[in-house]
Structures are given as C-alpha cells and as structure tokens.
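A.B. asks: Protein chains in written order, with this note's numbering: chain A, 1 to 317; chain B, 318 to 609; chain C, 610 to 887.
Please keep in mind that the hints were generated in silico from the structure rather than gathered at the bench.
Keep in mind that the hints are not guaranteed to be accurate.
Claimed, not checked - Here are a few chain B residues that face chain A, going by a calculated C-beta distance under 7 Å:
#: 1; residue: Phe484
#: 2; residue: Gly485
#: 3; residue: Ile539
#: 4; residue: Ala591
Claimed, not checked - Simulated crosslink set (SDA-like; lysine to any residue; CA at most 25 Å straight-line):
#: 5; chain 1: A; residue 1: Lys146; chain 2: A; residue 2: Gly81
#: 6; chain 1: C; residue 1: Lys732; chain 2: A; residue 2: Asn198
#: 7; chain 1: C; residue 1: Lys782; chain 2: A; residue 2: Arg12
#: 8; chain 1: C; residue 1: Lys782; chain 2: A; residue 2: Gly261
#: 9; chain 1: B; residue 1: Lys507; chain 2: A; residue 2: Met296
#: 10; chain 1: C; residue 1: Lys782; chain 2: C; residue 2: Gln806
#: 11; chain 1: C; residue 1: Lys671; chain 2: C; residue 2: Thr868
#: 12; chain 1: C; residue 1: Lys732; chain 2: C; residue 2: Thr697
Claimed, not checked - Here are some chain A residues the structure puts well away from chain B; computed CB gaps all over 12 Å:
#: 13; residue: Ile93
#: 14; residue: Ile128
#: 15; residue: Phe168
From the three backbone atoms N, C-alpha and C, an ideal C-beta is built for every residue, glycine too.
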Amino acid sequence: MLRNSVLNGISRHRVAAVTGFLLVFPWLMPYEALAVNVLIFGLYAMGFNLLFGYTGMLSFGHAAFLGVGSYGTGIVMVHYGWPWYLAIPAGVILASLFGVVIGWMAIRTRGIYFSMVTLALAQCVYFIFYKAESLTGGENGLRGIKLETIDFLGLQIDLLNPTNKYYFLLIFVVMTLWFVSRVLSSPFGAVIETIRENEKRSAACGYDVARTKLVAFVLSAAICGLAGSLRALHLSVVPVDSLHYLTSGQAVMMALLGGMGTFFGPFVGAAAFLLIEDVVTNITKYWQFVAGAVFMTFVLFFPRGIWGSILHWLRQR
Amino acid sequence: MFDLKLLILQMVTGVALGSVFVLLSIGLSLIFGMLTVVNFAHGAYFMVGAYVGVYALGVTGNFWLSLVIVPLAVGALGLLTERFLVRPLYGRGIDYPLLLTFGLSYVMMDLVRMVFGSDGQPIGTPPGLGGAVDIGVGNFPVYRLFLIVATAIIVAALWLFIEKTRFGLIIRAGARDPEIVRVLGIDVSKAWLLVFGLGTAIAGLSGILAAPIRAVTPEMGIPVLIEAFVVTVVGGMGSLPGAIVAGLLVGIVYSLSSLYVPDFADTSIFVLMALVLLVRPQGLFGRAGLMS
Amino acid sequence: MNSNGLSTSVPASTGPGGAIAESAGSPVQKAAQPILATENVTMQFGPFVALNNVSASFESNKLTAIIGPNGAGKSTFFNLVSGAFAPTLGRIRFQGRDITGMAQHEFARMGIAKSFQITNVFKLLSAHENVRVAAQMRRTRFELLRPRADLKDLIDQADALLHRVGLTGLRDKRAGDLAHGQQRCLEIAMALACEPQLLLLDEPTAGMSPEETLAMMDLITSLAEERTVILVEHKMKLVMGICQRLVVLHHGEVLAEGTPDDIRTNDEVKRVYLGQSI
Chain A
1 MLRNSVLNGI SRHRVAAVTG FLLVFPWLMP YEALAVNVLI FGLYAMGFNL
51 LFGYTGMLSF GHAAFLGVGS YGTGIVMVHY GWPWYLAIPA GVILASLFGV
101 VIGWMAIRTR GIYFSMVTLA LAQCVYFIFY KAESLTGGEN GLRGIKLETI
151 DFLGLQIDLL NPTNKYYFLL IFVVMTLWFV SRVLSSPFGA VIETIRENEK
201 RSAACGYDVA RTKLVAFVLS AAICGLAGSL RALHLSVVPV DSLHYLTSGQ
251 AVMMALLGGM GTFFGPFVGA AAFLLIEDVV TNITKYWQFV AGAVFMTFVL
301 FFPRGIWGSI LHWLRQR
Chain B
318 MFDLKLLILQ MVTGVALGSV FVLLSIGLSL IFGMLTVVNF AHGAYFMVGA
368 YVGVYALGVT GNFWLSLVIV PLAVGALGLL TERFLVRPLY GRGIDYPLLL
418 TFGLSYVMMD LVRMVFGSDG QPIGTPPGLG GAVDIGVGNF PVYRLFLIVA
468 TAIIVAALWL FIEKTRFGLI IRAGARDPEI VRVLGIDVSK AWLLVFGLGT
518 AIAGLSGILA APIRAVTPEM GIPVLIEAFV VTVVGGMGSL PGAIVAGLLV
568 GIVYSLSSLY VPDFADTSIF VLMALVLLVR PQGLFGRAGL MS
Chain C
610 MNSNGLSTSV PASTGPGGAI AESAGSPVQK AAQPILATEN VTMQFGPFVA
660 LNNVSASFES NKLTAIIGPN GAGKSTFFNL VSGAFAPTLG RIRFQGRDIT
710 GMAQHEFARM GIAKSFQITN VFKLLSAHEN VRVAAQMRRT RFELLRPRAD
760 LKDLIDQADA LLHRVGLTGL RDKRAGDLAH GQQRCLEIAM ALACEPQLLL
810 LDEPTAGMSP EETLAMMDLI TSLAEERTVI LVEHKMKLVM GICQRLVVLH
860 HGEVLAEGTP DDIRTNDEVK RVYLGQSI
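Modelling step: build the complete structure from the supplied sequences, incorporating the hints.
C.D. replies: Here you go:
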C-alpha cells in the first residue's frame with residue numbers, strides 16, 4: 001500500500017522529517033517567541049517521552065531536570081562568567097548528575113511508588129534551590145543571563161533577533177533528535193521497550209531491568225537538562241517555578257497530548273499545549289481548568305494523543 | 318543549652334502536624350489498596366474539604382456541623398469521580414487513573430478559584446477551641462490538642478469499621494486479593510465506589526480540621542499531596558499502621574527540624590524518605606513484593 | 610526422611626539404571642554433580658508453608674518432570690529454581706554453585722531459561738522481535754548508538770528458532786494476536802534464545818489441543834537431547850511417556866523420585882492419585 005510505504009519511509013527517516021517540519025515551523029506560528037517555546041518544551045517533552053512513552057516509567061518530577069539544567073547554565077554564566085558553549089554542557093551534566101541520584105533512589109522503590117517518589121524528590125530539589133539564594137536568587141529567580149551575540153567562524157549572529165535565536169536553538173534540537181533516534185533504534189532501545197511491555201519477562205530474558213531503567217532515566221534527565229539550558233539562554237532568567245510540580249505536570253500533559261511512545265508526538269504535544277495556552281489565556285484566567293479538562297478528555301478518550309491517533313488512523317485505513 | 322521541655326513541646330506540635338498526614342495517608346492507602354489507584358487529586362480533595370468547611374462555617378456558624386457536612390459533601394464528590402471518571406479506566410493499566418486524577422486536580426483548583434476567588438480564606442480558631450493550655454511542659458494550643466484527639470477518634474472508628482464490619486472485611490479482602498472479592502460474589506464496583514468515596518471523605522475532613530492551622534488557599538493541596546506521598550512511601554502503601562506511624566514520624570521530623578535546623582526543615586522530610594528508601598524500599602510497614 | 614519413611618534426598622550419582630550422564634567436560638566430575646539441586650528448601654508465605662524441607666537434585670542431560678496433584682507445591686518449586694523469588698530457608702545450587710537469592714535476570718545469564726505457566730510474551734511486539742530481543746541478551750548489554758537492524762546474526766538466529774518451534778509463517782504477527790498454542794511455542798523459542806544449559810518449562814502444554822500437545826511433546830523430547838530439561842506437568846500420561854526421571858511432590862514435600870516405572874509401581878503415589886490411571 002502506498003500509504004504504508006510512505007509512513008514507513010517517514011519512519012525510517014524520522015529525524016530528517018521532523019527537522020524538515022521544524023525548519024518551516026516558525027512560519028506556522030503567530031509569533032516567533034511561541035515557536036522558540038515549542039522547540040524548548042518539545043525538547044523537554046521528548047526527554048520525558050523517552051522515559052514514559054518508551055520505557056513506561058511515569059515520573060512526576062521532571063521539572064527538576066529542566067530547572068537544574070537552567071540553573072546550571074545560568075549560574076556558571078552569571079557567577080563565573082563562563083561562555084555559552086561551556087555553560088550549556090554544564091547544565092546538561094548537572095542535570096544528568098541529579099538524574100543519577102534521583103533515578104537511583106526512585107528506581108529502588110516498587111513500581112507504584114515511582115511517580116510519588118519522583119514528585120517528592122523534585123520538590124526537595126525545589127526547596128534546595130529556593131534556599132540557596134546567593135547562587136540561585138531564591139524566590140526572584142536567577143537573573144542576568146546574557147547571550148546576545150554569538151561569534152561563530154567569524155560570523156556575528158545576533159540572537160536578539162527571534163528568528164536567529166530559533167535556528168540557533170534548532171541546531172541543538174536536531175542533534176538531540178538524531179541522538180534519540182539512534183538510541184531508540186539501538187539494542188538498548190529494544191530493551192527499554194520490553195521493560196515497558198513486561199518487566200518480569202524482560203528480567204526472565206536476562207536483562208538487568210534496574211540498571212537499564214537507570215540509564216534511560218539519566219538520558220531522559222540529560223535531554224530535559226538541555227531543554228532547561230536553552231530555556232535559560234532564551235529567557236535570560238531562571239524563574240524558580242522551573243522546578244515546581246506544575247512544571248513537571250507540563251511535561252506529562254504535553255507528552256500525552258502529543259502521543260506517548262511516538263517520535264514526533266512530543267513536538268506536536270508541546271505545540272498544541274502552548275498554542276491552546278496562548279489562546280485561552282487571552283480569553284480567561286482559568287487556564288488550569290482548561291488544561292486539566294483537555295488533559296482528562298485525552299486520558300479518557302484519546303490516550304494515543306494527537307499524533308499517535310493520526311498515526312493509528314493512517315495505519316488502519 | 319538543651320531544653321527538654323521545648324523538645325517535648327515541639328514533638329507534640331509534630332504529632333499535631335502529623336495527625337493531618339495520618340488522615341491523608343490513610344485515605345490514599347485505602348484507595349490504593351482497594352482500587353490500585355494512586356489518587357493524585359487527594360490534595361485537591363483536602364483543599365475542597367477546607368473550602369467547603371469554611372463556607373459551611375460561614376453559613377451555619379457551627380464548626381461541629383461543618384465537620385459533619387464536609388466529609389459528606391467531599392465524599393459525594395469522590396463517589397461521582399470514581400463512577401464517571403476513574404471507572405472507565407480500569408483495565409487500561411495502573412498509570413491511567415493516576416493521570417486522570419492528576420488532571421482532575423487542576424480542574425478542581427481552578428473551580429475553587431472561580432467560586433471563592435484566588436485569595437485565601439482565612440479561618441480563625443473555632444470558638445471553644447481557642448487559647449492554650451498547660452500540658453505539663455508548657456503552654457500548648459488547644460486546637461492542636463483537639464486535632465490530635467479528633468484524629469485518634471477517627472482512626473479508631475476506621476479501625477473498628479475495617480476490622481469488625483462486613484464491609485470492612487471486603488476492604489481487607491480486596492486489599493489482599495481483588496480476585497477474592499470477585500469470587501465471593503460481592504459487587505466489586507460498589508466496593509470500589511464506596512472506598513473511593515470514603516478515602517476522599519477522609520481527605521476532605523482532614524482539610525477542614527487543618528484549616529485553622531494552615532493557610533486556606535486553592536494551592537494548599539499541592540504541598541499536602543507531596544507530604545502525603547512522603548508519608549506513604551515511608552510507611553508503606555496499603556498499610557494502615559504504616560500510615561499512622563509514618564504520619565506521626567514525618568510530622569515530628571518536620572517540627573523538630575523547624576526548631577533545630579530551620580533552614581533544612583523543608584527538606585528534612587525528604588531526607589527521611591531517602592533514608593527509608595535506602596534501607597527498606599517497600600516502606601517501614603510495606604509488604605515486600607507488593608505490586609512491583 | 611519424610612513422614613512416609615521415604616528418603617527426601619537422592620544422591621545424584623545414581624539413577625535406577627545406574628546411567629551416568631554424558632556431558633561436556635570431565636565425564637566423571639559432571640556425572641557426580643547434579644546440574645540443579647535444592648538443599649533443605651522451605652518456602653513460606655506468611656503462615657502458609659508451600660514447600661517443606663525439600664531436597665531434590667536433577668541430573669544433567671536428562672528430561673525430568675516434577676509432578677503432583679494441585680496444591681502440591683510444583684509452581685512454588687518451579688518459581689524458586691527459576692529465580693522468581695528466594696526460599697525462606699535452604700539453598701539452591703546450579704552446577705555446584707550457590708545461586709540462592711540471586712536476582713531474576715542473572716538466571717538467564719547463567720544458563721537457566723524458563724517459560725511461564727501463564728503465557729508471558731511481549732504482546733505488542735512481533736513474534737520475531739520477541740525472540741530476537743531474547744537472543745540479544747547474550748550479544749549486547751548497553752549499546753546505545755548502533756542500529757539493531759545491523760545485528761544480522763541475531764535476526765537470523767531468531768528466524769532459526771522460530772522455525773524450530775514451527776512459527777516461521779507467523780514471524781511478523783503481533784505476539785498478542787497469536788493463538789494460545791502458538792504463544793506457548795513462542796515462549797519456548799524465547800527461552801531457547803538465551804542458549805540455556807537448563808531449560809525449565811512450566812506446564813508447557815496447558816490449554817493446548819491434542820495435536821498441539823503431541824507436537825509440543827516432540828519438541829520437548831528433541832530439546833532434551835541437547836540440554837537438561839525440567840518440566841512441571843500435571844498431565845501424568847504425557848510425562849510418563851517421555852521423561853527419564855520423575856519427582857513427585859505432595860503437600861510441599863517430595864513424595865517419591867525415580868524412573869516412570871518406579872513411580873508407576875509406587876504405592877504412595879498410587880494412593881495420592883487415587884483412581885487415576887498412571
């Protein structure tokens with residue numbers, strides 16, 4: 001069937017397909033800042049999706065990694081004057097370290113506790129960063145992250161231009177897309193799917209489920225950390241509620257809305273979520289109500305999410 | 318200088334604080350034990366209970382009446398939730414009811430904002446329960462003593478209900494093996510409905526009981542949910558003695574930290590949780606191998 | 610000694626025919642050592658004692674069946690030796706090595722593979738992928754960047770195993786969509802994929818039609834020629850025909866051990882299976 005071979009073709013070249021879409025994406029959005037946010041939160045949702053959609057682990061504390069990535073990058077730039085190309089890896093590495101600690105503790109528990117423990121540990125991180133005022137700015141957040149121009153190969157790129165900023169951030173997103181795609185197609189990618197499907201069976205096959213989960217968790221934390229790094233550069237500040245429960249909830253909502261366990265779903269989910277938020281907040285201040293109601297509707301009736309439902313429908317016909 | 322009286326006083330404060338945690342955690346454990354649902358809206362029911370209580374108090378002027386109205390009203394809300402929102406999701410996997418209740422908590426928060434506004438609803442200490450009394454080591458607020466006593470009474474009543482009544486038998490059987498409940502021919506869905514209602518009713522009741530000592534805001538359910546989760550992980554899911562011991566322990570740890578290491582008070586309960594996870598991942602009273 | 614006066618432990622080196630198992634490595638050494646042994650194993654769930662002081666040993670390269678009426682403790686015993694949980698008391702040895710309390714995933718790595726009583730495959734993955742991922746365990750651990758499509762030998766190995774169990778035509782079908790009997794065969798293929806020296810099968814013919822059962826029995830017999838196979842079965846007739854040794858459990862204790870002839874003529878066993886033709 002032509003449709004199936006087209007779908008399979010896109011699937012095999014998914015990185016190129018998504019990159020292509022994201023290249024033209026700014027023209028589809030009412031304004032560029034929204035497009036940049038979709039990139040950042042799409043990346044955040046992608047990190048979360050690797051853990052929940054593909055490995056089956058529902059974390060409610062992923063804001064910790066987004067926030068730590070942001071703070072990591074922000075702190076080294078503001079307090080120690082590091083350049084951006086060192087600050088971004090710093091944020092990612094710091095988020096990964098937090099991922100090792102939180103992941104190790106959360107994975108030790110019985111499966112049902114996992115969501116609760118990740119939520120609790122993320123809240124702990126929130127309190128720690130809140131209290132460390134001298135480094136993090138406490139309640140007011142971390143301010144003064146300046147990245148206005150980039151000197152690259154003799155070129156001067158003005159990042160105050162939103163279009164330039166978008167394509168600059170897109171480079172990191174595409175690198176991550178490539179990385180995630182490779183991981184999903186690798187032998188490791190097969191193992192995490194068996195864990196999602198049937199943990200007991202996976203262990204009976206000889207796979208060290210706990211260690212595999214930890215690796216997936218740290219990868220997920222690293223990706224969300226990168227999203228946080230980029231967000232810090234974009235906003236020039238790190239608001240303290242980056243680490244808050246509601247930000248963790250955003251990852252969950254976007255991933256489900258878009259389509260869990262699909263490659264493109266996180267970006268669809270981020271775009272849908274942010275667009276709806278943009279529209280609704282202009283009409284009413286009860287955005288949480290709408291978000292919750294929409295989310296519940298999807299949980300009840302469209303658990304595959306937007307992109308997941310589209311894929312399913314296309315494959316059926 | 319080490320002040321023993323102050324220590325004991327602070328521990329009693331911790332017991333009062335922990336009483337709220339005990340009630341919340343019992344509700345969570347009941348719902349999980351019977352339905353295998355982690356109720357992410359539990360904090361929201363707590364919050365709604367506080368608001369309904371404050372409203373009832375405003376309308377009737379009678380705190381005791383409010384204490385009766387709140388569990389009935391919030392329990393009814395819980396019944397509706399289980400019947401129409403959670404029940405369709407059984408069989409889909411343990412994450413779905415969790416996700417649904419998470420979304421529900423958002424809706425509930427904003428609904429309360431719509432009706433009562435976004436600012437807090439301060440409620441003073443109810444008449445007759447104000448002031449302080451000398452408990453031997455110093456003066457201690459009467460209301461907090463009331464809280465401890467009220468919690469003890471509620472827990473005792475629950476214990477009697479679960480150990481001595483037929484429905485309680487169903488809860489115990491269901492908690493051990495849902496198949497047994499089915500095999501016994503009992504209408505399982507009715508049992509689920511009522512247990513969910515009971516769990517949320519307790520959450521609501523703890524909300525109004527806590528209202529005089531906590532800020533009543535639409536967001537009050539969030540920190541409380543997290544605290545309830547910490548208690549549950551420390552005590553062990555599905556264990557009622559675990560909920561009691563862990564609830565009091567967490568309360569005491571928090572209040573002692575507030576006194577001796579105030580900068581770390583907020584994180585102290587998480588340190589406790591981490592220690593328990595290291596030493597006994599299933600919780601102090603949790604059954605090893607329960608639902609992996 | 611159990612209450613019937615029967616010895617509850619059997620020295621490994623002798624079988625009723627005096628046969629010494631042939632296997633790789635020093636023949637005398639290997640024959641003296643059972644491939645699997647439980648030493649005074651007790652399994653208690655709360656107040657309920659499922660297995661009581663069971664010492665049993667299993668010879669290499671033999672096809673042994675664990676039989677017994679319902680509630681005898683067969684499943685518990687199976688779960689213990691296959692790594693699902695650790696015994697309350699006692700030790701378990703594999704090739705002489707103490708494996709008591711080892712994690713589940715170490716069992717397949719050591720060379721003990723199992724199939725489950727209630728079919729337990731990866732329902733959303735294809736039959737081929739089920740076997741391929743089971744085989745993958747031996748080849749890689751944490752390879753993150755290489756496409757698994759490049760591991761051609763695993764793909765071929767999976768195809769060969771599917772062929773062995775007769776599922777070649779259903780290669781690309783979702784495991785959850787396979788018929789019950791086909792899923793059981795898939796389980797066997799997955800167990801074989803980890804290249805085990807010891808294959809543990811829990812009621813492999815459960816829910817199968819008579820034709821499927823015969824085919825499965827043939828498959829098991831051929832598998833037993835290459836490695837040690839231990840079966841749990843409650844269909845006595847089946848095991849009598851193909852097994853070389855039987856261990857009969859009753860009320861959590863070993864009632865009898867021996868060849869099919871020994872068991873057939875054992876009064877205790879006959880009494881327990883009252884009226885059933887053995």
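A.B. asks: A separate judgement is required for each hint: does it hold in the structure or not?
C.D. replies: Now the hints, each set against the structure:
1. Phe484: violated (24 Å)
2. Gly485: Check failed: Cβ of Gly485(B) comes no nearer than 23 Å to chain A, outside 7 Å.
3. Ile539: Nearest chain A Cβ about 6 Å off; hint holds.
4. Ala591: holds (6 Å)
5. Lys146(A) to Gly81(A): holds (10 Å)
6. Lys732(C) to Asn198(A): Holds, at about 9 Å.
7. Lys782(C) to Arg12(A): The hint holds at about 20 Å.
8. Lys782(C) to Gly261(A): holds (20 Å)
9. Lys507(B) to Met296(A): holds (23 Å)
10. Lys782(C) to Gln806(C): violated (29 Å)
11. Lys671(C) to Thr868(C): holds (11 Å)
12. Lys732(C) to Thr697(C): Cα-Cα ~33 Å, so violated.
13. Ile93: holds (22 Å)
14. Ile128: Non-interface label on Ile128(A) violated, nearest chain B Cβ at 6 Å vs cutoff 12 Å.
15. Phe168: The assertion about Phe168(A) holds, with a minimum of 34 Å to chain B.
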